[in-house]
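S.K.: The residues making up each chain are set out below.
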Amino acid sequence: MSMLVLILILLAGGLVAWQAERLHPDLPRWAALGVVVIALLFLLYSLPAAPVSLAADPLAGHWLLHLKLAWIPRFGIALELAMDGLSLVLVVLTLLLGLVAIASSWSEIDFKPGLFQANLLWTLAGVCGVFLALDLFLFFLFWEVMLIPMYLLIAIWGHENKSYAAMKFFIFTQASGLLMLLAIVVLAWQGLAADGRLSFSYFDLLGLELDPRLAWWTMLGFFLAFAVKLPAFPFHTWLPDAHTQAPTAGSVLLAGILLKTGAYGLLRFCIPLFPEASMQFAPVAMGLGVAGVIYGAVLAFAQSDFKRLVAYSSVSHMGFVLLGLYAWNQLALQGAVMQMVAHGVSTAALFMLAGALQHRLHTRDMGRMGGLWHQAPRMGACAMFFAVASLGLPGLGNFVAEFLVLLGLFAVQPWLAAVAALGLVTAAIYSLWMLQQAFQGAPDEWREMADFDAREMLAMAVMMVALLWLGLYPQPVLDLAQPVIESLQGLAPGANTVLALATDAAGSRS
Amino acid sequence: MSAMDFQALLPLLVLAIGATLLMLQIAWLRKPGLTGALAALVLVLAALSCRFAAETAPLQVTPLLLADRYALLFCTLFCLAAAVTALLSRDYVSRGDEPEEFFLLLILATMGACVLAYAVHVASLLLGLELLSVSLYTLIAYPNKSILPLEAAVKYLVLSGAASATALFGFALLYAATGALGFSAIGQALGETSTGQGVLLPAAVMIFAGLAFKLSVVPFHLWTPDVYDGAPAPVTGFLASVAKGAVFVVLLRLFLDADLFRYYRLVEVTGLLAIISMVAGNLLALLQANIKRMLAYSSIAHMGYLLIVLMVCTNAANQALAVEAAIYYLVAYTATTLAAFGLLTLISCDPSGRENIQLQQVSGLFWRQPLLACLMLVALLSLAGIPLTAGFIAKFYLVNAAVSGHHWVLLFSLVLGSGIGIYYYLRVIYYMTRRPEEHGAEQEPISDWRGRILSGLLIASILLLGVAPGSLMQYLRAILH
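Residue numbers (our numbering), protein chains in the order written: chain A, 4 to 513; chain B, 6 to 486.
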């Protein structure tokens, strides 16, 4: 029940924040802050000491919480939510970045602040729902519903080209989502053919015997939806526009958590539901991953717009997640989960920085920056920290993540791992380039610019501590994710043999 | 006729008596407010009487009408939709001269739609269809001082009359071949006789063309945008929801009772028209800056989605699911369409007599009229098939039905069409959320408490159908199995 309450807190909190505007224009952000803090405390409070076991289910993982209420019996749809270590990590990340997003929009929004905060909270609710839903229909519902507040955030509070960006974002995700809906329904009807009852529950659909051709197409439906969200290489074109045009808080949410829903979907649904098809598909997916790593990095280097640069760097970093997921061994999967968390934090921080710069300078063009370190040393230091985090400096979370992914990948596809490692080099180039352009050199014009204030420094400090912690002592996160990864690997066994086949095929082709 | 027969026909009787009463009231005292309220009352009473009539269902009353739960469900739906239309249009028509007869015609049109829901015989089909159409011609032309409604009405009169005549001729040919006019009798006769097969093809083509015209399926859709655009907004809402719904209801009944699914070629043609309608409707809607024209093309696409059902019905195992899907879709579509045109009505009530239906005119509506904008938002999201709205569950039903019959081509057209559709629905939403500095000062729409309550009700019903569809689904299963 507590998971449902968590989502309801966020939904109701949105309404409160919206209406709070009537009393005082400053009230909504306090209300939103309060709601997220309450949600976070509630989540920690309601965690049980020991995992619950789903006795009825042979494929039981290590579920911390599980809830199933009948909803639409006609189609065997239930309100089924469950939380394991992976969901927990991601939900906590969501709420923490929600706090960051509220902090980053603190003084930026002066048009209808109540509705803004409400949309922010509703997005958080939708994302939490995605991470918790284990009924495929419910999952799809959250998947689509979280788009609407996000669309409104971009369309109402975005920058100069917001209508184009918001529309592109929505159409890309919605159209690919429709294919996923189709795939979900096909899968459920296969389940009906197999055991005589229609059900959309994840547990009922796991381990279905599928006709290979059908499995292949269905898997593609899921993959496309998740690859668009991730975004994987050829489907990424919505991302730079949406991230650049969104208000700061919107970019933080998009990069920090919305992209992770794609990775989560691949890990939780796409690969376990279609193990054979996914393993056949793995070489292609990994190829797309490598392409994303390199392509994102190269394009990031070519940008003069601060936010666009960070957006393309996201394409590059999320390529590592795709690689880690389809390498499908423990190390790589751990790396992928770590990357989801670490990239969420570091990119959120960079977008917050970009937003702060834009708010102060009214431009995102790095050509018009330069020498900012003199005027705003605190900002410079923060930018330095997160730029080196993003390029994968040892000791910070991103390094652990990318290193694990490369290590795991090397075991299955050494050549791809070698190429992907180039991504680390290019990351160093564009990160340092960004830093040089914006913060170093002589200030080319004298401007009055306020440095980070206490509120912004607090948000930055939280994210710095998080990255340091992830980099120096990643074990707690790995421990949480480990049982999930093991049980997911149990669902898709034979991965290694198929992978060996895939490597052979790749070898014989070359 | 026994008392039970009268009970089974109660909704029609209530409507007929109501129409007479309304006529007398108008002759006695001209007062638009009173007539409007009375009309809404009659329609709500008719809707309520369906519950009472359902106690006798199913009951064949004369060879013409069958009062089963399928018919009564749609009678309820049509009467409620007409009641909403009556309440919405009160302010709209009050600005013209002598608006009272508008409500009388509305009741008559609703009665036509209800007869179509009851119809199991060609004669009742034609009676219902003509009662509906003739009332609509007048309703469309009602604001008699402007040129656009007149043009629309004449266009609809000529084309719709031709379509009715075509269908009538088709039925005559069918009668010549089979000697039967009842739907199931036609089905039986088609199975038995081998004579006169030659006229069956032209008969099928003519009947189908006539009915497809009323549904505005491509390529019989050319009247749609002009009529939608020219007709007064509340009438367009009624035309798009009730008139089309009623024709689909009777088409489905004809196919089911006469078992026309055995003619696979005919069903294939239906499927082809469905695909063309989905794609063409959505593509043409992209180009419109006029919301009414956009909704007209989108309704073409929606009729295309709905025709998928006929294709699925070919397999007897999936027939029940397909019919369920069709009913749910019609209910959801009616609520959604009423909401969309309801908004256009509510913002078009200004005394200048001009309709505010351009995209520019809803610009910034969110900040001027939040409740009305929410109504439009919910309606558009429902049309686009976004979860939590009625439209999503309806589309989900259709996808399930199509998957059960393995109709991949139709499914992909559905996905493609919906994908295209998002763009023009979202564009309206984008205009509504534009900030005050991005649009000039516009008219302040009038909206009284009646409009607010209606908007609230429509929003609630669309969301309810989308969030808690269980009870309606159960009811549908109960009446179909």
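In short, the hints are calculated from the structure, not lab data.
All residues carry an ideal CB built from backbone N, CA and C; glycine is no exception.
Don't take each hint at face value.
Stated by the list, open to error - Chain A is nowhere near these chain B residues, computed Cβ spacing over 10 angstroms in every case:
hint, residue
1, Phe-11
2, Ile-31
3, Arg-56
4, Asp-102
5, Ala-128
6, Ala-167
7, Leu-257
8, Arg-373
9, Ser-409
10, Ile-427
11, Met-478
Stated by the list, open to error - Reference listing, derived: stretches of chain B covered by chain A, where coverage requires no fewer than 3 residues with Cβ under 8 angstroms from a Cβ of chain A:
hint, stretch
12, 400–407
13, 429–442
S.K.: It remains to establish, for every hint, whether it holds in the given structure.
M.R.: Hints and how they fare:
Chain A leaves Phe-11 (chain B) outside its interface by the beta-carbon criterion, the shortest separation being 35 angstroms against a cut-off of 10 angstroms. For Ile-31 (chain B), the condition that its CB be more than 10 angstroms from all CB atoms of chain A holds, with the nearest at approximately 46 angstroms. With a minimum CB-CB distance of about 22 angstroms to chain A, Arg-56 (chain B) clears the 10 angstroms threshold, and the non-interface call stands. The beta carbon of Asp-102 (chain B) sits about 43 angstroms from the closest Cβ of chain A, which is more than 10 angstroms, so the claim that it is off the interface holds.
At roughly 37 angstroms from the closest C-beta of chain A, the C-beta of Ala-128 (chain B) stays outside 10 angstroms, upholding its exclusion from the interface. At the 10 angstroms boundary, the C-beta of Ala-167 (chain B) stays outside the reach of chain A, the nearest C-beta of that chain being 38 angstroms off. A cut-off of 10 angstroms between C-beta atoms confirms that Leu-257 (chain B) is not in contact with chain A; the least separation is 20 angstroms. Every CB of chain A is more than 10 angstroms from the CB of Arg-373 (chain B) (nearest about 13 angstroms), matching its label as outside the interface.
Once the 10 angstroms rule is applied to beta carbons, Ser-409 (chain B) is inconsistent with being away from chain A; the minimum gap is 6 angstroms. Distance check for Ile-427 (chain B) against chain A: the nearest CB is about 5 angstroms away, which does not clear 10 angstroms, and the non-interface claim fails. A Cβ of chain A approaches the Cβ of Met-478 (chain B) within 10 angstroms, the least distance being about 4 angstroms, so the stated non-interface status is violated. Chain A is given as covering the stretch 400–407 of chain B, and this holds because 3 residues of the stretch bring a CB closer than 8 angstroms to a CB of that chain, at least three being needed.
Residues of the stretch 429–442 of chain B with a Cβ under 8 angstroms from some Cβ of chain A number 6, which satisfies the need for three, so the listed coverage holds.
Against the hints set out earlier in the document, violations occur for numbers 9, 10, 11.
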